[in-house]
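For the protein sequence lines, the chains are A and B, in the order given.
Mapping of the first sequence onto this note's numbering: residues 1 to 311, in sequence order.
Mapping of the second sequence onto this note's numbering: residues 312 to 478, in sequence order.
Partial selection, computed: residues in chain A whose CB lies under 7 angstroms from chain B:
1. A44
2. D47
3. A48
4. V51
5. A54
6. L55
7. L204
8. V208
9. Y209
10. Y210
11. H211
Keeping only pairs whose Cα atoms sit at most 30 angstroms apart, straight-line, the calculated DSBU-like set for lysine-lysine is:
12. A/K173 to A/K152
13. B/K362 to A/K251
14. A/K222 to A/K233
15. A/K139 to A/K183
16. B/K362 to A/K217
17. A/K222 to B/K362
18. A/K257 to A/K197
19. A/K298 to A/K257
20. A/K298 to A/K237
21. A/K300 to A/K152
22. A/K197 to B/K362
23. A/K217 to A/K300
Simulated from the structure, these hints should not be mistaken for laboratory data.
Glycine included, C-beta positions come from ideal geometry on N, C-alpha and C.
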Amino acid sequence: MPDNQNFEIYKGDGSTIKDRNISLPEFEKITRMENPEGYVAAPALRDAVNVAIALGQPLLLTGEPGTGKTRLAYSIAHELGLGNPKVFHTKTTSTARDLFYRYDSLGHFHEAQLRDKGKIDIREYITFEAMGQAIIESKDKRAVVLIDEVDKAPRDLPNDILNELENMNFLVKETGDFFEANKPNRPILILTSNSEKNLPDAFLRRVVYYHIPFPDKDTLEKIISNRLQLSDKFRGKMLTDAINHFMEIRKNKGLRKLPATAELLAWIHILDRHDIDIQSDIEAQISKLAMSYSILAKNKEDLEKLKRGLS
Amino acid sequence: MSTELNNTFFPFEDFIEKLRENGFPVGVHTYIQVHTVLNQLDADTPAETLKTILAPLFAKNDRDQARFYRFFDSYFTIVEDIELKVLGQIKQTETTDKSKRKSVKPVNPSVPTGGYSSVYRSLFPDFSFISSIPAILHFWDRGPILISAGTLRNISLPMIHPDTPPI
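Here chain B stands alone, though its shape is the one from the complex:
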């Protein structure tokens, strides 16, 4: 029996799971499609482009398409909000640490990257099996950083009803 940990992850797994919860048809086939398409994209593909690239895989009529766009926007807005909060906390910690350390690289909280954090978050969709390992966020000017798993686990996304008006 192999003792190696399962190291196969699907990007956007958490996002796709949330789509399934919101009534989008998601099958094994969908994961493969998403994986195939993402493999062909640059890592810095903007979220707006990801939205229009992924929508054709999940939408099956015009209402689905509009609903997918709204869902995508709300999902990434929430992730971005969390990033901003985390950055604020880091900045505070660094200010406190300033007395102890002479040179601290300044943080610009205006440049978090929703796409990166989402991918990293998708890599750890089930925190129960890695409960001691925090999730990772990535910031342009800092590289990967660690934050509490609990912070991310508590994210709750609104259910998007088909008739919800656009944001």
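Just chain A, with the same shape it has in the complex:
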């Protein structure tokens, strides 16, 4: 029987780790996964960012999930010394106003019943969101704003923010307050899309666009080196073999959902952590490799395809 004791913490047979005389290992964070210093932008992506900055226009990014669309905003903010980006996670119910501010009408109404109306300041019920914060703070500093998965929003949203994006201003209807970005500190706007919905032409005309292709082998190796602290043993041939195996899986296994960079990083981390050698024909190694495919496959059918490839 293969000995996967370190890997198989949970047995699923009612036995406890105490019975098996092992201890629950501490959670080991996959280091540098979130660190913007480890981000590697391809030259074409770098050019697109610089074009967007030069023109003061939003940069719209598309690409497979896991290709680094969202992380790019962190990388830009890091390299430009602007702290963390201000992030807006688009929802299917998001409206144009939500990008700039939210008005707690229910809270306002509730308080109005309990307190003297004259003492209520409506501004207490206004919360500024990513774009609103960046425009207001532009008085003193510049910021990177990330509007993540903009295609999730109803089609009205992109159409409704055309003027605001161009002029970088907005009006709080409830108070009549008008805010406009300080021109030299115009926010740097990054939008991501999973291309689930087509965006309106009028919106597309106002953005700089880049599609992030899936990285090649060399770039993947660089990304892995920057993001993971691999053991000395795993560097070199074992890593190259693993990347080749991953590319082979993407290309020839006919998976319904292709694993992307994020899955690759998690998979490589597990391979290294559990000394799994792709080339090994030892049964225990093959068994571990089969288990590791759970990271790469996103549905039952794909997982079975991958495991069949080992038999």
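Knowing the structure of chain A, use the given hints to seat chain B on it.
Quick look at chain B alone, frame taken from chain A:
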């Protein structure tokens, strides 16, 4: 009324016009964007970099981006071919002239610059109003040279269909 000639030109005007003919959305805004970006670049920016700098201004989806790259490559390949032919002609002329002139600087036909010639060509997009003025090409080892306007006017670029496979 001013008698001065219009001396305002947009770099890459011809290239952009060809993009428009191939279905890329091009407006006044696009010219301004291109002009703004090019103004910030060094004159010796390689064509490969120009390609990835200009693509985000014209592409609006992943298919557009791939199509732009193919179009850019084919456009500059054609311009480069013309440069090579012109250089060959110059070399021939110089060989003929050798008997008349004692010292002639050698020409290296392997170093034409697509980027420069394209810019110069863009400066004279409509040869009809300067029909007597030939276009200018620039070579690293020779400086600007003049060639027949007709040679450049006859360039025809293939229409790039969205499904054309990469070159």
